[in-house]
Amino acid sequence: MLDDTDRRLLRHLQNDPAATVSALASRAGVTPALAARRFDRMRSRGILKGQRARIDWHALGFEVEVSLRFTIDKADPRAFDAFISAAREVPEVVEIQTFLGRVDVRLSLVARDLAHYHRIYRERILTLPHIAEIEALMQVAVLKTDERLPL
Amino acid sequence: MSAIDDTDREILRLLSGDATLTSAALGERLGLSQPVAWRRVRRLEGLGILAGRRLELDLAALGFGVTVFLGVKLAARGRLALGDFERAITAIPEVQTVEHVLGLYDYRLRVVARDLGDFERVLRRRILTLPGVGNVEANVLLSEERRPGPI
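Top line first, the protein sequences correspond to chains A and B. Each residue of the first sequence is one higher than the last, beginning at 1 in the working numbering. Each residue of the second sequence is one higher than the last, beginning at 1 in the working numbering.
The set of hints was computed from the structure by calculation and includes no laboratory data. Do not take every clue at face value.
Claimed, not checked - Reference listing, derived: stretches of chain B covered by chain A, where coverage requires no fewer than 3 residues with Cβ under 8 angstroms from a Cβ of chain A: (1) 42-50; (2) 53-66; (3) 95-106.
Where a beta carbon is used, it is the ideal one built from N, C-alpha and C, also for glycine.
Whenever a hint applies, use it, and build me the whole structure from the sequences.
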C-alpha cells in the first residue's frame with residue numbers, strides 16, 4: 001500500500017498543508033515529479049481526501065463551545081437517523097459524532113455567549129427527537145488540536 | 001471581534017469546504033478580482049478567523065482503525081499536578097486533541113490507534129500511568145461529520 005516515501009510526503013504535508021508540491025518534495029528528499037505522482041496516487045486511492053479550512057469560532061465572536069453528549073431512546077429503529085437529521089438543522093452545531101459506548105451521539109455547539117447558548121439549548125436542543133439523556137461539557141481551554149497522525 | 005461582511009462569510013464557507021481553492025478560483029466564484037480575493041483571505045487569516053487547514057485523510061487506509069474519545073477525571077490528589085498532567089498528555093503522539101472541560105470530566109481527549117489492542121496499550125501504558133489520573137470513560141468513534149457552522 002503506502003511505502004516510506006508516501007509516508008514521508010504525508011508527514012511533511014501534515015506539518016504544512018499549504019506548502020507547494022515542490023517544497024514538500026525537497027523536504028522529503030524526492031523530485032517534484034515523483035512527489036506529484038505520489039500525491040495524485042494517494043488522492044485517487046481516496047487516502048488523501050482533501051483539505052478544509054479550520055475556522056476559529058472564538059475569533060468570529062463565538063465565545064462558548066459546549067460538547068453535548070446524548071443517549072438516544074432506541075425504542076424507535078429510526079431514532080438515530082431522525083435525531084441526526086434534526087441536529088443538522090441547528091446552524092450552531094459544528095460537529096456530529098456517533099459512538100460505541102455509554103454516549104450514543106455527541107454534538108459540538110458554538111454560541112456567542114452563555115445567554116445565546118441557553119437560548120439554543122432550550123429552543124433547538126431540548127426539542128431534538130428521541131433524547132433519553134443529555135450531558136454537557138463546557139470547553140474551558142484547548143491544549144492541543146493537532147490532528148496529525150503519528151505516521 | 002472585527003466586522004466581516006457577507007463576502008467574507010462566503011469565502012469562509014467555500015474554504016471550509018475546500019481549503020485548496022486559489023484566490024483566483026475564489027474570485028471567480030464570488031465575482032471578485034484575484035487580488036481582491038487574495039487580500040480578503042489574508043485579512044481573515046490576520047484576524048485569526050482562518051486558522052490553518054485540516055487534512056482529510058482516510059484513517060483506516062493509513063492503518064489507524066480506531067479513534068476513541070476519552071473523558072478523564074483527575075483524582076483529588078492530581079489537581080496539584082495539573083501542569084505535569086497537561087504537559088505529559090499533550091506530548092503523546094496518539095493523543096490528537098486535548099481539551100480542558102467543565103462538567104462530568106476534567107479533560108476530553110481524542111486518541112487514534114491502529115486497533116483496539118493498540119488503543120489498550122496506549123491507554124494502559126501511556127495515559128493511565130500519568131500522575132493524577134482518576135476515572136476514565138472511553139467511547140469509540142463510529143462516524144463523524146463536520147458541519148459548516150454559523151458562518
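* Check, residue by residue, whether the region 95-106 of chain B contains three or more positions whose beta-carbon lies closer than 8 angstroms to a beta-carbon of chain A, and give the verdict. => holds (count 11)
* For the region 53-66 of chain B, does the count of residues with a C-beta closer than 8 angstroms to a C-beta of chain A reach 3? -> Satisfied; 10 residues make the cut.
* Residues of the region 42-50 of chain B with Cβ under 8 angstroms from chain A, three needed, outcome -> Coverage by chain A holds for the region 42-50 of chain B (4 residues, Cβ < 8 angstroms).
The structure is consistent with each of the numbered hints, conforming to all of them.
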